[in-house]
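Trainee: Protein chains in written order, with this note's numbering: chain A, 164 to 462; chain B, 278 to 667; chain C, 98 to 372.
No lab work stands behind these hints, which were simulated from the structure alone. Predicted model, so just to flag it, every value in this text is computed and none were measured. Note that the Cβ used here is the ideal one computed from N, Cα and C, for glycine as well. Wrong hints could be hidden among the right ones.
What the hints assert, rightly or not - Restraint-style ranges between C-beta atoms, simulated for each label pair: (1) W215(A) - R359(B): 18 to 26 Å; (2) D407(B) - A112(C): 51 to 59 Å; (3) R263(C) - L246(A): 57 to 65 Å; (4) A600(B) - A153(C): 34 to 42 Å; (5) S282(B) - G303(A): 34 to 42 Å; (6) G541(B) - A153(C): 32 to 40 Å; (7) L202(C) - N295(B): 34 to 42 Å; (8) A458(B) - L272(A): 55 to 63 Å; (9) G529(B) - L246(A): 54 to 62 Å; (10) P464(B) - V441(A): 46 to 54 Å; (11) S459(B) - G303(A): 51 to 59 Å; (12) E418(B) - A153(C): 34 to 42 Å; (13) K652(B) - L146(C): 39 to 47 Å.
Said to hold, decoys possible - Computed cross-link-like contacts, DSS-like style, restricted to lysine-lysine with a CA-CA straight-line distance of at most 30 Å: (14) K239(A) - K652(B); (15) K314(B) - K416(B); (16) K392(B) - K314(B); (17) K588(B) - K288(B); (18) K373(B) - K391(B); (19) K239(A) - K665(B).
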Amino acid sequence: MSPSTADGRRRMTGAVMAAPALVLFVLFGVVPLAGVLVLSLADWDGLGPLGWAGLVNWRDVLADGATWDALWLTVKVMALSWLIQTPIALALGLFQAPRGRGRAFFAVLWVLPLLLSAVAIGLTWQALLDPSFGIGSAPGLGRLARPLLGSPELALYVVIFVIAWQFVPFHALLYQAGIRQIPATLYEAAALDGAGRKDRFLRITLPQLRYTIVTSSTLMLVGSLTYFDLIFVLSGGTGGPGTATRVLPLAMYITGFQSHDMGAASVIATVLVVTGLVLSLITTRLSGFTRMDSRQEGL
Amino acid sequence: MWALSDQTILKDSVEAYNKDHPDKKITLQLFANDDYKQKLRVAFGAGQAPDIFFNWGGGALNDYVKAGKVAEITSADVDHGRFTPSVLKTATFDGKVYGVPCNGLAPVVLYYNKKVLGQAGLQPPKTWDDLLAAVKTLKAEGVTPLSLAANSKWPTLMYTEYLLDRIGGAQVFARIAAGDASGWNDPAVTKATKALQDLVDAGAFGDSASSMNYDQGASTALVYTGKAAMTLMGTWEYANFVKAAPDFVSGGDLGYTVFPTIPGGVGDPGAIVGNPSNFLSVNAAAGDKAVAMTYLKEYVLNAAQVDAYLKAGSVPPVNGLEAELAALTTADRPWLEFVYGLVKKAPTFQLSWDQDLPSEQADPLLTNIDKSFLKQITPEEFGQNMSKAA
Amino acid sequence: MTTVRALHRAVSGGAALVWTAIVVVPIYWVVVTSLRERAEFVTSSPLALPGDPTLANYQTVLSGGFAGYLLNSVIVTAATVAVTIVVSLMAAFVIVRHGSRWSRLYFRLFLLGLAIPLQAVIIPVYLLIIRMSLYDSLLAIILPSAAFAVPVTVMILVSFLRDVPRSLFEAMVVDGATEWRLLLDLAAPLARPALITVAVYDGLQVWNGFLFPLILTQSDERAVLPLALTLYRGQFGIDVPATMAAVVLSTLPMLAVFVLARRHLVAGLTAGFSK
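Construct the complete structure from the given sequences, taking the supplied hints into account.
Mentor: So this is what it looks like as structure tokens:
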């Protein structure tokens with residue numbers, strides 16, 4: 164067998180192997196992405212024929228204060244989620260990492276929220292926080308017997324808390340895994356140098372965890388663009404009270420599937436995509452998204 | 278055919294039809310309430326809509342009519358004269374009927390816990406001033422005067438609907454529903470919105486209203502547990518009380534009355550709002566329209582079905598039911614007579630606004646109602662926002 | 098020194114307890130509520146044990162078509178995970194084995210895909226599904242779900258396979274192995290921990306997915322569990338204990354998987370995400 168035919172066959176096989184993922188992703192990822200752009204220029208109520216609208220949807224949606232409110236809420240959810248979840252997940256990861264029966268017991272309990280679906284979590288917390296029949300009527304917890312999800316000022320923070328409740332376990336697992344990978348020799352060397360707990364944490368643990376931090380942060384940030392299910396259920400599908408929890412995905416859903424303005428909804432979707440792209444561009448630029456794209460310039 | 282999953286009587290009628298017509302059966306698909314409307318819309322968009330579909334009439338049905346998706350139901354197909362005119366109007370557009378009423382009347386009424394009102398030495402409120410006075414007394418007693426699931430938004434809308442009807446009369450919203458957006462700036466709209474905010478300021482809804490989602494049942498539970506005195510809700514709430522707290526109803530503790538009158542209001546005090554009824558409409562692209570029409574004519578609200586509804590505790594919008602009602606032996610009779618009398622005497626029966634307006638205005642309406650309830654916007658801003666959204 | 102350490106232990110132990118309470122109390126509440134009678138729910142103290150525990154709520158849920166919803170969820174999850182894993186493993190293998198411009202471009206496409214929120218493209222996906230006559234079928238959930246799981250799966254598998262020494266591949270090539278053999282006999286077994294991780298990760302996402310089923314299916318017969326939870330709430334009307342029983346039942350399968358795969362999950366996370 165001559166090298167060139169072997170090489171050719173290798174390439175052929177490669178193309179065959181690469182094709183299914185490509186087809187799937189292009190069909191349901193790239194084509195719809197183009198579709199969103201096209202629809203954002205269309206006038207369509209989901210029932211009748213598609214009409215051409217030009218930039219009218221864009222003008223209307225961008226001129227609508229509600230869009231910017233939704234974007235701002237999304238950014239707020241994103242930033243606060245990261246600020247709250249990262250330290251807790253890191254702390255829990257540090258606690259879980261050493262092996263031992265006691266710690267393993269905690270670890271099993273802590274992972275439980277991960278197993279509940281967002282819908283289940285939403286229904287649970289909605290009932291739990293009901294001021295009349297929820298947890299607030301338990302002795303000693305009277306402070307919770309107030310309209311938490313009903314307060315325009317507090318609802319968003321309650322949502323952010325519930326999001327943290329749902330996702331911290333996953334990120335804690337990530338950190339636990341990361342911490343377990345740090346070679347013990349590093350700590351031994353530092354101990355010989357007489358480094359204290361704080362020093363060891365700052366000089367060894369944190370730097371060694373940098374990839375974990377990047378991975379976890381990226382998943383958190385990009386993921387926060389997609390918090391739809393939980394908020395949908397917690398707010399009874401309305402993004403309320405008022406519009407206090409109407410983040411971009413919810414605004415898009417309501418515009419498209421309740422008000423039946425698919426054009427305007429597609430504009431919001433485009434904003435969502437652009438936000439996502441900008442975000443991942445920033446995180447990858449800042450960090451060089453893990454090792455695998457270190458060979459690639461850009462992106 | 279598509280309908281909601283709680284429509285068991287409708288299901289029986291389809292089975293009866295199928296038994297009589299084994300060669301041309303109707304298949305029935307049942308859905309939960311929450312996203313039925315969205316599913317229906319999507320199915321029409323996908324060209325997979327059912328031949329017969331359950332709906333609320335009003336602007337949402339008119340959307341489909343305007344898109345040419347719904348077949349007219351002429352008086353040759355189904356006798357229009359059998360049904361309560363104020364109800365049939367909800368499915369009539371440009372003088373043509375597009376839906377047949379298919380279940381019970383669902384006006385919104387004021388429910389109250391007799392024990393709680395009695396302990397506070399109160400009568401059910403007849404006027405707005407009665408209501409405000411009752412709010413004060415009940416608050417002093419440590420009871421939430423009015424239980425409201427404001428988190429769901431649409432229960433709050435019921436107050437605004439009644440208030441506007443009482444203050445400005447039915448024609449104010451009729452003008453808006455006809456497409457005149459400037460109607461939102463009518464002073465009566467501002468007054469009605471203001472009246473609701475006054476009620477909020479008076480503490481009528483307690484602290485928890487904004488957190489309560491209707492589907493969770495807390496707003497119902499507050500009334501039968503005596504933590505709240507009254508609640509404004511559609512007639513389906515009666516069935517909820519029966520289901521959740523049978524002793525409360527059979528013990529005679531549940532009271533119901535009409536929405537109070539308002540001093541200086543020009544609206545008819547007998548006018549009602551709510552859901553006149555649900556309707557069955559026929560897909561314009563239906564494979565066999567004759568089948569659909571036969572079903573609608575002979576099986577929907579026929580004598581057997583009317584009887585079944587009455588036994589189940591709801592009154593269908595059919596003329597001349599007095600004798601049947603009087604002959605009932607069930608415990609629900611006073612309730613049914615109350616509802617039937619209410620509708621019969623009502624000069625107008627306004628469909629819930631979120632159903633009556635074109636669907637793209639439903640969300641802005643509910644959002645602005647909620648914002649005004651939360652006092653994030655003034656009554657004037659409510660009108661301005663709505664006229665802009667229309 | 099020892100007092101400082103004791104203090105540290107006390108603080109970290111205390112914090113661990115606080116978080117445990119935050120996690121466990123709601124779950125405890127779900128379980129006890131699901132065992133309460135409906136009438137008791139509105140009168141009892143929320144955290145007290147049920148006075149007269151009942152399984153009636155579970156009966157309500159189970160007789161409400163639970164088995165069908167569960168089956169749908171299992172089918173959708175298993176099929177999505179299988180499709181995702183197979184196509185992603187092949188893709189990752191190609192990316193690692195071929196250093197060409199095309200394969201780099203190919204990889205970059207998936208990295209870009211990481212940033213596309215699935216919510217944003219739901220309207221065109223919905224149109225596409227209608228055009229493909231897949232609307233209201235389980236396949237309507239499976240295909241898009243798999244497509245959106247591919248980018249992150251490829252990324253993890255690539256980062257894992259990159260660590261496989263090239264010499265291992267070369268040795269097999271010298272022995273005359275085809276690319277398919279390399280994939281099946283070398284890459285797949287070596288990537289096992291990462292495969293388990295992504296399977297669990299993708300599986301969780303699909304199992305809990307709500308938006309695709311919400312938009313792309315309509316009938317009761319095609320409803321998956323998360324959708325069924327919202328349906329249940331509508332059906333039961335105002336029955337919190339029954340809703341909580343549905344929550345518990347919908348979580349049990351995941352709990353079982355977790356108990357079985359816990360070790361692999363942690364090991365896999367170590368291998369897949371953290372380097």
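Trainee: Against each hint, give a clear statement of whether it holds in the structure.
Mentor: Taking the hints in turn, this is what the structure says about them:
1. W215(A) - R359(B): 18 to 26 Å: violated (46 Å)
2. D407(B) - A112(C): 51 to 59 Å: This hint holds: roughly 56 Å between Cβ atoms.
3. R263(C) - L246(A): 57 to 65 Å: Check failed, 42 Å falls outside 57 to 65 Å.
4. A600(B) - A153(C): 34 to 42 Å: Since the Cβ atoms of A600(B) and A153(C) sit about 41 Å apart, the hinted range of 34 to 42 Å holds.
5. S282(B) - G303(A): 34 to 42 Å: holds (41 Å)
6. G541(B) - A153(C): 32 to 40 Å: Taking Cβ atoms as reference, G541(B) and A153(C) lie about 53 Å apart, which means the hint is violated.
7. L202(C) - N295(B): 34 to 42 Å: violated (59 Å)
8. A458(B) - L272(A): 55 to 63 Å: holds (56 Å)
9. G529(B) - L246(A): 54 to 62 Å: holds (56 Å)
10. P464(B) - V441(A): 46 to 54 Å: Since the Cβ atoms of P464(B) and V441(A) sit about 48 Å apart, the hinted range of 46 to 54 Å holds.
11. S459(B) - G303(A): 51 to 59 Å: The hint (51 to 59 Å, Cβ to Cβ) holds, given that S459(B) and G303(A) are roughly 55 Å apart.
12. E418(B) - A153(C): 34 to 42 Å: holds (35 Å)
13. K652(B) - L146(C): 39 to 47 Å: For K652(B) and L146(C) the Cβ distance comes to about 41 Å; the hint holds.
14. K239(A) - K652(B): Roughly 23 Å between the alpha carbons, so the hint for K239(A) and K652(B) holds.
15. K314(B) - K416(B): violated (39 Å)
16. K392(B) - K314(B): violated (39 Å)
17. K588(B) - K288(B): Between K588(B) and K288(B) the Cα gap is close to 16 Å, so the pair holds against 30 Å.
18. K373(B) - K391(B): violated (44 Å)
19. K239(A) - K665(B): Judged against 30 Å, a Cα distance of about 28 Å means the pair holds.
The earlier numbered hints that this structure contradicts are 1, 3, 6, 7, 15, 16, 18.
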